[in-house]
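Whenever a hint applies, use it, and build me the whole structure from the sequences.
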Amino acid sequence: MRRPRCAAALFALLTLGACTDMSDTGRRTATGALGGAALGGIAGSFSGNAGWGALIGAGVGAGAGLLYDRSQQPPSYGSGGTYRGNEPAY
Numbered sequence: 137m138r139r140p141r142c143a144a145a146l147f148a149l150l151t152l153g154a155c156t157d158m159s160d161t162g163r164r165t166a167t168g169a170l171g172g173a174a175l176g177g178i179a180g181s182f183s184g185n186a187g188w189g190a191l192i193g194a195g196v197g198a199g200a201g202l203l204y205d206r207s208q209q210p211p212s213y214g215s216g217g218t219y220r221g222n223e224p225a226y
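Everything in the sequence shown is counted per my numbering, starting at 137 for the first residue and increasing by one.
Wrong hints could be hidden among the right ones.
[To be verified] Label pairs and their in silico Cβ distance ranges:
(1) Pro210 - Ala179: 33 to 39 angstroms
(2) Pro211 - Ala186: 29 to 35 angstroms
(3) Ala144 - Asn185: 22 to 28 angstroms
(4) Ile178 - Leu146: 24 to 30 angstroms
(5) Met158 - Phe182: 28 to 34 angstroms
(6) Pro210 - Cys142: 40 to 46 angstroms
(7) Ala179 - Arg206: 35 to 41 angstroms
(8) Ile178 - Gly199: 29 to 35 angstroms
(9) Ser159 - Ser183: 33 to 39 angstroms
(10) Ser181 - Phe147: 20 to 26 angstroms
(11) Leu175 - Ala148: 17 to 23 angstroms
What the hints contain is simulated information worked out from the structure, not anything from laboratory work. The model shown is predicted, which means the values in this text are computed figures rather than measured ones. Ideal Cβ positions, reconstructed from N, Cα and C, are used throughout, including at glycine.
See the structure below:
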């Protein structure tokens with residue numbers, strides 16, 4: 137019984153340690169997927185299929201995390217547009 141607990145703790149430590157070099161986009165997407173999988177697994181357990189609930193929740197959570205990341209980034213202006221920043225209009 138002690139060996140699986142140590143293995144699970146080591147796995148969790150290594151998994152969380154891998155997030156240190158991630159970009160903000162990757163971190164927010166992964167956090168959304170993890171939270172979605174947890175909530176989806178809980179909701180799916182009520183209907184008798186926690187695996188499908190976690191799978192669907194992970195997909196929805198990853199999408200939500202990505203959308204949140206995009207909303208937090210400054211707007212980017214294309215190179216072909218007429219935006220010139222703070223230059224005066226003549």
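Here's how the hints hold up against the structure:
1. Pro210 - Ala179: 33 to 39 angstroms: The hint (33 to 39 angstroms, Cβ to Cβ) holds, given that Pro210 and Ala179 are roughly 35 angstroms apart.
2. Pro211 - Ala186: 29 to 35 angstroms: Taking Cβ atoms as reference, Pro211 and Ala186 lie about 40 angstroms apart, which means the hint is violated.
3. Ala144 - Asn185: 22 to 28 angstroms: holds (24 angstroms)
4. Ile178 - Leu146: 24 to 30 angstroms: 25 angstroms Cβ-Cβ, so the 24 to 30 angstroms window holds.
5. Met158 - Phe182: 28 to 34 angstroms: holds (32 angstroms)
6. Pro210 - Cys142: 40 to 46 angstroms: 45 angstroms Cβ-Cβ, so the 40 to 46 angstroms window holds.
7. Ala179 - Arg206: 35 to 41 angstroms: Since Ala179 and Arg206 have Cβ atoms about 26 angstroms apart, the given range 35 to 41 angstroms is violated.
8. Ile178 - Gly199: 29 to 35 angstroms: Violated: the Cβ-Cβ distance is about 19 angstroms, outside 29 to 35 angstroms.
9. Ser159 - Ser183: 33 to 39 angstroms: For Ser183 against Ser159, whose Cβ atoms are near 35 angstroms apart, the range 33 to 39 angstroms holds.
10. Ser181 - Phe147: 20 to 26 angstroms: Holds, since Ser181 and Phe147 (Cβ atoms, about 22 angstroms apart) stay within the stated range.
11. Leu175 - Ala148: 17 to 23 angstroms: holds (19 angstroms)
Checked against the numbered hints listed earlier, the structure breaks hints 2, 7, 8; every other hint is satisfied.
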